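As they're listed, the protein sequences go chains W and U. Final position of the first sequence in this note's numbering is 330; the numbers increase by one with none missing. Final position of the second sequence in this note's numbering is 1372; the numbers increase by one with none missing.
No wet-lab data here; the hints were simulated from the structure. If you're wondering where the values come from, they're calculated on a predicted model, not measured in any experiment. Glycine included, C-beta positions come from ideal geometry on N, C-alpha and C. Fair warning: there could be bad hints in the mix.
To be verified - DSS-like, lysine-lysine: derived pairs with alpha carbons at most 30 Å apart:
1. U:Lys-1055 - U:Lys-1203
2. W:Lys-73 - U:Lys-1055
3. U:Lys-1296 - W:Lys-133
4. U:Lys-1060 - U:Lys-1332
5. W:Lys-133 - W:Lys-73
6. W:Lys-310 - U:Lys-1203
7. U:Lys-1186 - U:Lys-1202
8. U:Lys-1293 - U:Lys-1060
9. U:Lys-1031 - W:Lys-133
10. W:Lys-133 - U:Lys-1203
Claimed, not checked - Listed next, the stretches of chain W that the computed footprint assigns to chain U, with coverage defined by at least 3 CB atoms under 8 Å from CB atoms of chain U:
11. 30-44
12. 301-311
One letter stands for each residue in the lines below.
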Amino acid sequence: MILTLTILLAVIIAIAWAAFNAAYLVLAERRGAGIIQRRPGPNINGPFGLLQPPLDGIKLMAKQLIIPDGADKFMYISAPVLVMCPAIMSFVALPYSDWLQAQNIDVGLLMVFAFASMGTMGIVFAGWSSRNKYSLMAAMRSVSQAVAYEIPMIITALTITLMAGTTNLDAIVAQQSENFFHWNIFPLFGETHNILMPFSFLIFFICSMAETNRAPFDLGEAEGELVAGFHIEYGSMGFGLFFMGEYANIVIGATLATIFFLGGWSCPFGLFPGVWWFLIKMYAIIFTIIWIRWTFPRTTIYGLLNLSWKILIPASLVNLLLTAGLMKVF
Amino acid sequence: MNQPVELQPDETFVLNVGPQHPATHGVLRIKMEMNGEYIVHAETVVGYIHRMHEKMGEIKTYPQFLMNLSRLDYLGAMGYSHCHALCVEKAAGIEVPKRAEYIRVIMVELNRISSHLVWLGAFIMDLGGFTPLLYTFQAREHILDMMERITGARLTYCYIRFGGVSRDIDDQFIQSARDFMPYMRKELVKYHKLVTGNIIFKKRLIGMGHISPEMCRKYGASSGVARGAGINFDIRRNEPYSVYPELEFEVPVYDGCDNMSRYMVRMDEIEQSLRIVEHALDQLPDGPVMPKKAPKNIKPPAGDYYQATETARGTFGVRLVSDGSTTPYRMKLRSPTYSNMHLFDEACKGLMIMDAMAMMGTLDLVIPEIDR
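Between the sequences and the hints, there should be enough to build the whole structure, so can you do that?
Right, here's the structure in full:
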């Protein structure tokens, strides 16, 4: 009974954390864009515009939900849920500090990736069921993109698993504790002596950006040509869920990068390790992602696929092979 | 990525782009026959916001029609009224004071810069980069403020009158224009640093959207489209009008025939326009801005008159057939975007939709000017 309650509580906290992040990252993104574009951004509602996300939520919920004529009703309604739910599920396995984790799972890494790849299904559903040529084209793009970028991402994660010897996210962080030089991203001083780690981090970072449909890889919602991409026919909270799902996925990507490469909750100087260090690292990565979005133009779909199939996948495979070799040597 | 597309007709589908679509910057409609993401055939449908400006020109007297001209192209309106005024002055034989000519050129060139700045921001937005739009609008704001002080309008000017301009410029305007020059040059460097060197931007521009000089001649394309295809043609230099022969400037020409060439032509044109304004301010003579007795009632002698000018979007022409009355018998407006746009079908064949949209961005379309 108590165990059930604990799990329930953990899941509720995970949902709340995902929703809170999704809502406030939208604000952070808009404010960040404002700074980059020499304008204030939303600053009217509440101090620093902090009331903007709840008000946006109320507005979205108050709007009429219009289902287009001839749309596949069941798929149309289930698509936003299918985008948001797997993202929330991933949060259950993510550790934020040595005690702050919903559920410590031995195959945590696998679980996160399994749920992360499910989000694509929601996008396909949305694109297909809206009965709109733009959304269908966007959905096809999204699928080819997701397939292409999941491979190098998982291979890079495999490199980490190879070095850590475990898929337990908690254990991966524990190996990088103490200080700066034990982090996976610093090649020479840690336990593992792998000079390829910065390179792995780069691949992982690019892939996580492409996985979450973020600019410059936001081909699925390229408003220049496809108007709004796969969620063109969505209004009201259906659209809101797509939006939140996207930001939740960004948080997952940044969290994974922090866990794999930046030592999780360990402090750079070995002082006061804790959840605050984790959050600092995670939000620094998220800020970088926002910064890139507002600076770069969009790539093309074939440029994107070429980058994955011709460069990132071979590179990550070579990386995996060399890592295995290096581990044998040292 | 030009790829030959050979298909059965039933393997394609029609994608209706527009009239309301973010990439068309207005209400242009394009019926695209697509093979997956490749374009097989594109048909531009014009006339959505047709307002019969030419007909209005025939039923209104000359001064009444004056303000219609700035409603053609809302970004570079000054150049259009300049052309019309030149044509009517040529027909009616009205002398324009030197100072007025210089002021006209200064205004037209400033307007050209502001128009190119909007194009730059919107074009990069087509490619998915949002930030430069805000930067260019900030620079444009300076120009609009300057021009608003003198002309009283920010977009649709009625500043150029038959025989001169409606108001003289003052020291404050000259000072702000002079202050603007170094600011704009600094901004241009910033744009080049932010945009031109970007690897994604380069990949999407260099070698993409091929428009050959033959195609330009066939469709009568002008402005950056023609000069980006290596055609060294600029009305300001080839058929000089106003005081352009007295001013120093170069006509930027690139022969890459791709998006990058067209982009670079327009970027260089901003620089050249700055040079013209600077030079015109140096040479600005004293004197009146309207002739002593400007005719109130304009009745050009019967005949056929034509005047072309280089506007921000290309060669704009006014053909005026007068029968000696107060209204013209025929008023034909040759708008540059109309010709440039018809390239689109031929140039986008075999392109992917996103490259076609990038190519369309370099055409610099302003829809009210197509559907005049």
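Going down the list of hints, with the structure as the test:
Proximity of U:Lys-1055 to U:Lys-1203 is assessed by CA-CA distance (about 45 Å); at most 30 Å being required, the pair is judged violated. A hinted pair counts as satisfied when its Cα atoms are at most 30 Å apart, and W:Lys-73 with U:Lys-1055 does not qualify at roughly 50 Å. Note on U:Lys-1296 and W:Lys-133: the hinted pairing is violated, with a Cα-Cα distance of about 57 Å set against a maximum of 30 Å. The suggested pairing of U:Lys-1060 with U:Lys-1332 holds, with an alpha-carbon distance near 14 Å, which does not exceed 30 Å.
In summary, the hint linking W:Lys-133 to W:Lys-73 is supported, as the alpha carbons are separated by about 17 Å, within the 30 Å threshold. Distance restraint check for W:Lys-310 and U:Lys-1203: the Cα-Cα separation of roughly 16 Å lies within the 30 Å cut-off, and the hinted pair is therefore satisfied. For the proposed pair U:Lys-1186 and U:Lys-1202, the alpha carbon gap of about 22 Å is at most 30 Å, so the pair holds. A hinted pair counts as satisfied when its Cα atoms are at most 30 Å apart, and U:Lys-1293 with U:Lys-1060 qualifies at roughly 23 Å.
Note on U:Lys-1031 and W:Lys-133: the hinted pairing holds, with a Cα-Cα distance of about 13 Å set against a maximum of 30 Å. Restraint check for W:Lys-133 and U:Lys-1203: the C-alpha separation of about 27 Å stays at or below 30 Å, so the hint holds. As drawn, the stretch 30-44 of chain W meets chain U at 5 residues by the rule of a beta-carbon pair under 8 Å; at three or more, the given contact holds. Note: the stretch 301-311 of chain W has 3 residues with beta-carbon separation from chain U under 8 Å; the three-residue rule is met and the coverage holds.
When the structure is compared with the earlier hints, violations turn up for hints 1, 2 and 3 and for no others.
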